[in-house]
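So the sequence lines, in the order shown, correspond to chains A and B. Quick note: the first sequence uses this note's numbering, first residue 222, plus one each step. Quick note: the second sequence uses this note's numbering, first residue 3, plus one each step.
Hints may be right or wrong, so weigh each one.
[Stated by the list, open to error] Within a straight-line C-alpha distance of at most 30 angstroms, the following computed DSS-like cross-link-like pairs (lysine-lysine) qualify:
hint, chain 1, residue 1, chain 2, residue 2
1, B, 120, A, 359
2, B, 5, A, 359
3, B, 67, A, 359
4, A, 428, B, 173
5, A, 294, A, 250
6, A, 428, B, 67
7, A, 297, B, 210
8, A, 250, B, 120
9, B, 99, B, 220
10, A, 294, B, 5
11, B, 99, A, 359
[Said to hold, decoys possible] If you want the footprint, here are the derived chain B segments under chain A, 3+ residues with CB under 8 angstroms:
hint, segment
12, 81-94
13, 179-192
Because the hints were derived from the structure by calculation, they are not lab data. Every value quoted in this text rests on a predicted model; they were computed, and no experiment measured them. Glycine included, C-beta positions come from ideal geometry on N, C-alpha and C.
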Amino acid sequence: MADTNLYALILALAAAVATGLIGGFALMKRMTLAGDAMSHIALPGLGLAILWNVQPVLGAAAALALGALLIWKIEKRADLATETTIGVIFSASLAIGALITPSEDIIEALFGGAEPVSIITLAIYLLLAAAVIIFVWKERSRLIISLFNRDLATVTGVNISRLNLSYLLAFATTLVLGLRFLGALLVGALIIIPAAISRQFTHTLEKFLAGSAIASALSVAAGFWIAATFGLDTGPTIVSVAAGLFFLSLLKKKA
Amino acid sequence: MPKILTVRDLSVSLENQDVIKNVNFDLEPGESLAVVGPNGSGKTVLLKTLLGLYPYQGTIAWGTKVRLGYVPQKIDADRHLPINLQNLLEAKADIQKLSRKQLDATIEAVGLLPESLKTPIGHLSGGQFQKALIAFALLGDPNVILFDEPTASLDELSEEHVYDLLNDLRKTRGISIILVSHDVSLIPHIANTVLCLNKTAVCYGPPKEVLTQAMFEKLYSPSHKHVHHAHVHHAHDHNLYG
């Protein structure tokens with residue numbers, strides 16, 4: 222049991238670093254609210270997987286991957302802002318998810334649970350986290366230039382459409398990583414809040430991204446410890462800690 | 003010597019509106035072509051079409067071994083982005099597999115100060131920002147640079163610096179330039195060919211020959227609605243710069 226708790230913590234910390242990095246770029250792309258909403262796309266997938274007796278995370282991953290593709294397509298066709306597009310899909314997903322998820326499972330689907338983590342699950346999640354971190358590292362230059370100006374990025378040789386799709390898929394993977402312990406309603410918070418905390422402290426890109434990953438990992442570690450000590454639910458505790466750190470960060474001046 | 007660029011019968015329609023119609027021109031190595039015209043005449047669209055950013059009809063044939071640099075019209079950089087010029091230059095160098103030496107040489111050529119490199123891009127002054135864009139375009143050793151209103155938001159002193167830099171680039175590196183400008187008075191000093199654009203090419207030739215009072219009135223007159231064919235005009239009575 223001690224091992225599975227440790228695995229759960231390692232899994233959560235790996236997910237935290239990935240969400241911190243992806244969240245840093247989400248904040249710069251001004252899609253943090255979209256990130257929060259996008260996590261809800263997982264809900265119908267979770268509901269269907271539970272109904273069909275399949276691993277819930279597989280259902281969530283499939284729904285998020287489909288959601289990412291759909292958002293990418295709609296963005297290209299209608300030329301709408303990412304947040305508007307995701308907002309429409311989010312509302313529909315939440316409604317459908319609430320309709321099909323069995324009522325006894327809905328709370329865990331929305332707020333996460335504390336299921337034991339096996340070594341195989343841990344290995345898969347660590348691979349997913351590594352994939353997200355490698356994506357950010359490899360694509361950082363393309364992401365940076367496209368954030369500054371899309372035309373300049375295209376002239377420099379960046380395929381904006383392909384980059385957007387890759388980013389949305391990395392974003393979806395990050396959400397899958399956090400779903401297990403935060404649930405569909407709270408996982409978006411771990412993408413928004415750590416990046417927002419880090420932004421209070423720094424003007425430089427390197428420190429901002431590192432700070433976002435650190436704030437995320439710190440929230441997870443402290444949240445796990447507080448939840449275990451006081452017998453609280455892990456997901457809501459982690460998000461409360463992150464929110465607390467954010468309000469504290471508002472008192473700080475940028476370095 | 004082979005041409006850098008050949009444009010034939012170029013037409014661009016955006017959202018079912020003709021923005022550019024049947025434009026023809028060439029660019030020779032080391033040539034500086036200024037594109038002038040009133041607001042909404044299609045200057046920026048022309049530049050972006052040449053860069054492959056808009057769909058078009060007709061021919062845009064770039065010569066072989068052309069390396070393009072692009073300085074866009076004033077960008078309203080997001081003041082909240084924690085990205086500085088160093089990040090941007092390093093990102094471009096990374097994508098185009100350029101060496102540290104090339105990066106440092108560009109920074110030196112444009113005369114960028116270390117503090118400008120470290121300042122978040124949205125916090126740079128107008129002059130510094132324009133230099134930053136030029137540095138970004140120069141990185142990668144382009145042999146053609148497309149400038150869209152490079153001095154639109156600058157004071158006179160900074161404007162002079164930018165034009166000195168353009169002339170210097172042309173003379174020392176033999177770079178060909180396509181320049182969109184609203185400031186017709188400076189054109190003879192920085193361009194050896196002018197394309198007057200108002201959806202179609204209203205004039206095309208050396209500045210001293212085509213930028214006449216008559217052409218100026220024709221190009222900017224409110225009554226001027228459509229010109230259906232490209233014309234090449236020669237020296238007229240009131241040459242503005244003669």
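For residue 67 (chain B) and residue 359 (chain A), compute the direct alpha-carbon distance and say whether it is at most 30 angstroms.
holds (28 angstroms)
>> Can you confirm whether the C-alpha distance between residue 250 (chain A) and residue 120 (chain B) stays at or below 30 angstroms?
In response: holds (21 angstroms)
For residue 99 (chain B) and residue 220 (chain B), compute the direct alpha-carbon distance and say whether it is at most 30 angstroms. Measuring from Cα to Cα gives roughly 47 angstroms; hence the hint is violated.
Given pair status - residue 210 (chain B), residue 297 (chain A), alpha carbons within 30 angstroms: violated (46 angstroms)
With a C-beta cutoff of 8 angstroms, work out whether three or more residues of the segment 179-192 of chain B approach chain A closely enough for the coverage to hold.
-> Violated: only 0 residues of the segment 179-192 of chain B have a Cβ under 8 angstroms from chain A.
- Task: With a cut-off of 30 angstroms on the C-alpha distance, tell me whether residue 99 (chain B) and residue 359 (chain A) pass.
- Result: Cα-Cα ~13 angstroms, so holds.
With a C-beta cutoff of 8 angstroms, work out whether three or more residues of the segment 81-94 of chain B approach chain A closely enough for the coverage to hold.
Since 10 is at least three, the answer is holds.
*Straight-line Cα separation of residue 294 (chain A) and residue 5 (chain B) no greater than 30 angstroms?*
The hint is violated at about 40 angstroms.
* **residue 5 (chain B) paired with residue 359 (chain A) [C-alpha distance capped at 30 angstroms]** => Measuring from Cα to Cα gives roughly 37 angstroms; hence the hint is violated.
* Starting from residue 428 (chain A), check that the Cα of residue 67 (chain B) is at most 30 angstroms away, please. => This hinted pair is violated, its Cα atoms lying about 39 angstroms apart.
> Taking only the CA atoms, is the gap from residue 428 (chain A) to residue 173 (chain B) under or equal to 30 angstroms?
Replying inline: Given pair residue 428 (chain A), residue 173 (chain B) is violated - Cα atoms ~41 angstroms apart, limit 30 angstroms.
Original post:
Does the structure keep residue 120 (chain B) and residue 359 (chain A) at a Cα separation of 30 angstroms or less?
Top reply: holds (23 angstroms)
Comparing the model with each numbered hint stated earlier shows that hints 2, 4, 6, 7, 9, 10, 13 do not hold.
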